[in-house]
Amino acid sequence: MEIRRSTYFVLAALLDGPLHGYAIIGRAAELSGGEVRLSTGTLFGALDRLLAAGLVEAGEEEKVEGRVRRSYTLTQDGHTALSTEAARMRRAALVVETRVAGAAT
Amino acid sequence: MTRGLLAFASRAFPRDHRARQSGELVDTALLAADGSRWRAFREALSLVGAGLRQRSRATEGDTSLRDGAALLAGMLSVVNLAIAFFGISLALSPEPFDHSTPCCNFFIPNPNAVDWWWIAFAVAGAGIVLGLALARRRLAIGAALVNVGLVSYDALVLAPHDKGHMYAISPWGWPDAYPIHQDWLAPAIVLALATAAAPSRRRSLLRVPLVLVGAALLAVLAREQWGHGFLFLLLPAGGLLALSVALGWLAPRLAVLALGVSAALVPPVVQVLTRPSWEYHSPVVTWVAAPGLALGILVPLAYLTRRRLA
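So the sequences go chain by chain: E and W.
In terms of our numbering, the first sequence is residues 1 to 105.
In terms of our numbering, the second sequence is residues 1001 to 1310.
Hints in this document: simulated from the structure, not taken from any laboratory.
Just to be clear, a hint being listed does not mean it is correct.
[Said to hold, decoys possible] Computed list of lysine to any residue pairs in SDA-like fashion (alpha-carbon distance at most 20 Å, straight line):
1) K63/E / R1003/W
2) K63/E / L1031/W
3) K63/E / Q1021/W
4) K63/E / R1018/W
5) K63/E / A1122/W
6) K63/E / S1093/W
7) K1163/W / G1214/W
8) K63/E / W1116/W
9) K63/E / K1163/W
10) K1163/W / G1149/W
11) K1163/W / A1197/W
12) K63/E / H1017/W
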């Protein structure tokens, strides 16, 4: 199953541990070098799909400085799906890189 | 104000969505907006888009293309019955039509005459509505076929000799009237196909009087239009078509609806476009309706093909 770019970076953002919604937006932007700027709608659309697929788990909501937060955690299936996608992209990149390198020599 | 806008936008999400209930959506969007009104506006738009997708997934996930046929059949059956009511109402309250005036001598039938055809058309129309509402499949399909027979007879045998019953819609022969001549033939065929494809599902009996009242109301509104008949329905039909084309990829039954409505409206639009150059050509038809109908057919077809291939 191919994972969308925005969803890929949502999963990647959770690799280092549980994060709440706004922190996921920031971490995804950081990991993608500013290329993936998630809007709230896109983030929660992706989280809902990932929750339904069992790739992410939602924690209990908590109130911090008057704001509601809920942390999201990557599950084992989420780890596997992310690793599989990364390997798939690596193979796809390799196909091009070896040919480009071959043509250059 | 920004919080209010975002709270309002978050209402696009289903009521039981965890992030809407807890206010997590609004709080995250507020942080993402970072005090900028422009970013808050973008966040609000993204919440509305994502919320609508959520809702359509929740409501459309279990629906099939046949549910789209049911929706199409339901809508067309109401208008079909409204046209029948229009014709029958001429017996109760005739139009001020002077059959002896020179301008109208070429109209052989009296537009106010309610004959066997109008009665049979009304019975067939009521049969379709009852069959669909009571899940009597045979009744609905039988009535829809009789309806096609009646409309075909009128459109292909009577109308070419200026004896068609749809003249009653616009006895003054105004070009911007609907449905006149053979206009209702395509919708009647689409109605029969949609009725045959619709799943048999019993509806609440309360719907029957509601449909009858709705059809009667449409007939009254059409009578008020003085010779334009049901042309006023083209604007909401256009809006519905645009909505169905825009959301058809999310809700396949809307794609079916758009396809059916477009197919029903194609013949009169083609007829207007192919009129001799010296006759009246409505710019709305040429520049809005024709391209709109082309989109109304091509885009839903693309959605449905993609869905079938997926």
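Pair hint K1163/W and G1214/W, alpha-carbon separation not exceeding 20 Å: With Cα atoms ~29 Å apart, K1163/W and G1214/W exceed 20 Å; violated.
20 Å Cα cutoff - pair K63/E, R1018/W: 15 Å, holds
Hinted pair K63/E and R1003/W, Cα distance within 20 Å: Within the cut-off at roughly 17 Å; holds.
Restraint status (C-alpha distance of K63/E to S1093/W at most 20 Å): Judged against 20 Å, a Cα distance of about 68 Å means the pair is violated.
Restraint check for K63/E with Q1021/W, where alpha carbons must lie at most 20 Å apart: Holds, at about 14 Å.
Restraint check for K1163/W with A1197/W, where alpha carbons must lie at most 20 Å apart: 33 Å, violated
Given pair status - K1163/W, K63/E, alpha carbons within 20 Å: Violated: K63/E and K1163/W sit about 75 Å apart, past 20 Å.
Restraint status (C-alpha distance of K63/E to H1017/W at most 20 Å): The hint holds at about 18 Å.
Agreement of K63/E and W1116/W with the hint, judged by alpha carbon distance not exceeding 20 Å: Outside the cut-off at roughly 73 Å; violated.
Given pair status - A1122/W, K63/E, alpha carbons within 20 Å: Status violated; Cα separation ~63 Å.
Hinted pair K1163/W and G1149/W, Cα distance within 20 Å: 16 Å, holds
Restraint check for K63/E with L1031/W, where alpha carbons must lie at most 20 Å apart: 14 Å, holds
Comparing the model with each numbered hint stated earlier shows that hints 5, 6, 7, 8, 9 and 11 do not hold.
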